[in-house]
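These protein sequence lines are chains A and B, in that order. 443 is the number of the first residue of the first sequence in our numbering; add one for each residue after it. 239 is the number of the first residue of the second sequence in our numbering; add one for each residue after it.
Everything labelled a hint here was simulated from the structure, so no lab data went into it. Glycine included, each C-beta is placed from N, C-alpha and C at the ideal position. Keep in mind that the hints are not guaranteed to be accurate.
[What the hints assert, rightly or not] Mimicking EDC-like on lysine to aspartate or glutamate, the simulated pairs with C-alpha atoms at most 20 Å apart in a straight line are:
hint: 1; chain 1: A; residue 1: K454; chain 2: B; residue 2: D712
hint: 2; chain 1: A; residue 1: K529; chain 2: B; residue 2: E296
hint: 3; chain 1: B; residue 1: K707; chain 2: A; residue 2: E513
hint: 4; chain 1: A; residue 1: K445; chain 2: A; residue 2: D510
hint: 5; chain 1: A; residue 1: K617; chain 2: A; residue 2: E599
[Stated by the list, open to error] Which stretches of chain B does chain A cover? Using the computed rule of at least three CB atoms under 8 Å from a CB of chain A, they are:
hint: 6; region: 329-336
hint: 7; region: 394-400
hint: 8; region: 552-560
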Amino acid sequence: MLKISALRKEYKDKTALVGLDLDVPAGDIFCLLGPNGAGKTTTVNLLLNFIQPTSGSATINGFDVTRDPLETKKHLAYIPELVMLYKHLNGLENLEYFSSLAGHRYDRSQLGDFLKRAGLPLEAHARPVGGYSKGMRQKVGIAMAIAKKAGLLILDEPTSGLDPKASWEFSELLKQLAGEGSAIFMVTHDLFRVKEMGARVGILKAGELVAQMNTEEINHSDLEQVYLKYMH
Amino acid sequence: MQADIIAIIAQKEFKQVWLDGRFRWIFGILLLLFGLAGWAGFSQQQDYRSQFEHAMHEQRELWVNKGEMNPHSAAHHGMHVFKPASLVAALDQGLQSYLGVSLFLEAHKQNQSRYRQAEDGTVLQRFAVMNAATVAEVMVPLMIILLSFGAFASERESGTLRQLLSLGLPPSQLWLGKMLGLSASLAVLLLPLALLGLGTLWLAGGAEAFASGAPRLLSWLGLHALYWLLFLWGGLLISARCRTARLALLLLLAFWFSNSFIGPRLGMMVASLLHKAPTSVELQAAIEADASQVMDWDTRTQKVEARLLKQYGVKKVQDLPVNPAGLILADAEIDDARVYQVHLDHLQNDWQNQWRVFAKLGLLLPGMAVQNLSMGLAGSDWQHHRHFAAAAEAYRLDFVQRMNTDVSRKTQAVDAYEYTAGKELWEAVKPFHYDLPALAWVWQQQLSGLLILAGWTLLLALLTPLALKRMPVD
């Protein structure tokens, strides 16, 4: 679903990404770890075509993100650290608006089902999102991804700041979606969740992918050791 | 372009505006201001219309019933003529207070306007004038800025822009949806105004006033709708390019302030420095100086008498079938009129040049072009005044010469200055009638303003793809 080949991004005074190669097939969960400034958000921005690569390429479902940005975005759903919604609209209306703009029209009951599946309590559906917690907003973000039927989910530190229960619920949802065939590409610092999801992990340092491993093959402590090794 | 997606964005923007209590207040205040300004202007115009009817009637009565007198004395007795009021001028009184609405017509002189309102007011009065045009050209653009500055910039700051663009939504669709949604909000303001204006025109002036005023009123509304759209368009582009809403607001307010306040004043200052027009004292002195150079009475008498003797084939003035005195007066009248015309043409040219400088500044600040167009459509600009003054001068020359030729035809046997005429001659002079020029004439006069607005539209159309292509996401 997601293929990244020798993707490079240089700015005037620094190289943010040094020839990244990566493959995230359908049903796979890939987590990109790394310290601040390692190039994680740059990678996300490149995949969303918000910035242009210096060289290399990335394809989503076979479409090049630079040459066919609109087409690639049809196949992905993006969930940032904090899903931003329109405060004056309620959860259902926000979901309806974003889904419509993505080209999917649903009736209220279908939209309600998406929110329910994402774990948003029924009583919150018709409440303005101004009063939503971060966890509730993230759930609306997941509902958007479900409604969009996206083959690839790109998540940028989605569990940061969530309480353990909300974080666990979120991970469970991602596992479900991966089980249904979605590819998950997640930037995170949360080693515990990464291990729990049984994801593949890549460690990015100074724009370079310095290690890749499968969390199912190592224990949590080893994973932490590897991570700390590359942090310094 | 997916029309349904654009419609969804437009619908959301429209809803967002109306859910925002602040904008409901602003719309309400603007409608109230429009209502008050329109009502004040309309009452003023209605008062003027009734005064106009009364004054025209009174002047006619004075002219017809002035009793027996010498026709040339009657020409000196003169009469006032008044510019008919356009109901659309209720929306924009323009320069009416400064140019005046009445002219005194008499022999030998082309007088400037009398009894101008501005003569009775203080300097500060001009700042207190609030008419519908001021609301439309100053207050509504301010509201548009408040509507548009955050359209993209606030979404960028809150993170929803990133979310929207990650959906695969082309920025052009987002821009168009926002443009349509916010335009629809403005239409909510414009439509009641249009209906109110047309209804008032119909009720106040009847079918005739409606037929003549409606095209001007609709054009006036169309002009301002275009101006608002340009403001909205520009506001959205600035919002699309600025990283923060604060910066977008600051830039837009700076433009609004220059466009509404600094530009017009600076424009007038530059225009009057580049093309200095004489003061009324200087003008009068120059006319009198030139008039004194014109042929003296004896020379003119000899010239006219020689011409008449030749024309009628007689040897003595006493044998002429006409009295030369009237024709000498008529001849003098033509020279006097020419002297006046030369100086007034210079004055008008100075004003024209000043106006051109002012209009050219519309290239930088479109509000100045709109101001000129608005006054033109309302019939309250100096071009309309010039049109009226030209009609009044043609009428003056005609009635004065009619008086002079009457002296020459009727006074063969008696002394020209002892001859008197009566009501029959006075009634033969038809009352002054003036119609506002047609709308096509206005467009012709205001072509530069129209071209400037077309230029601004083109510029924004060219900048739009560039601004959207380089729109920052964060």
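Ascending list of hint numbers which this structure does not respect: Hints 2, 6, 8 contradicted; others consistent.
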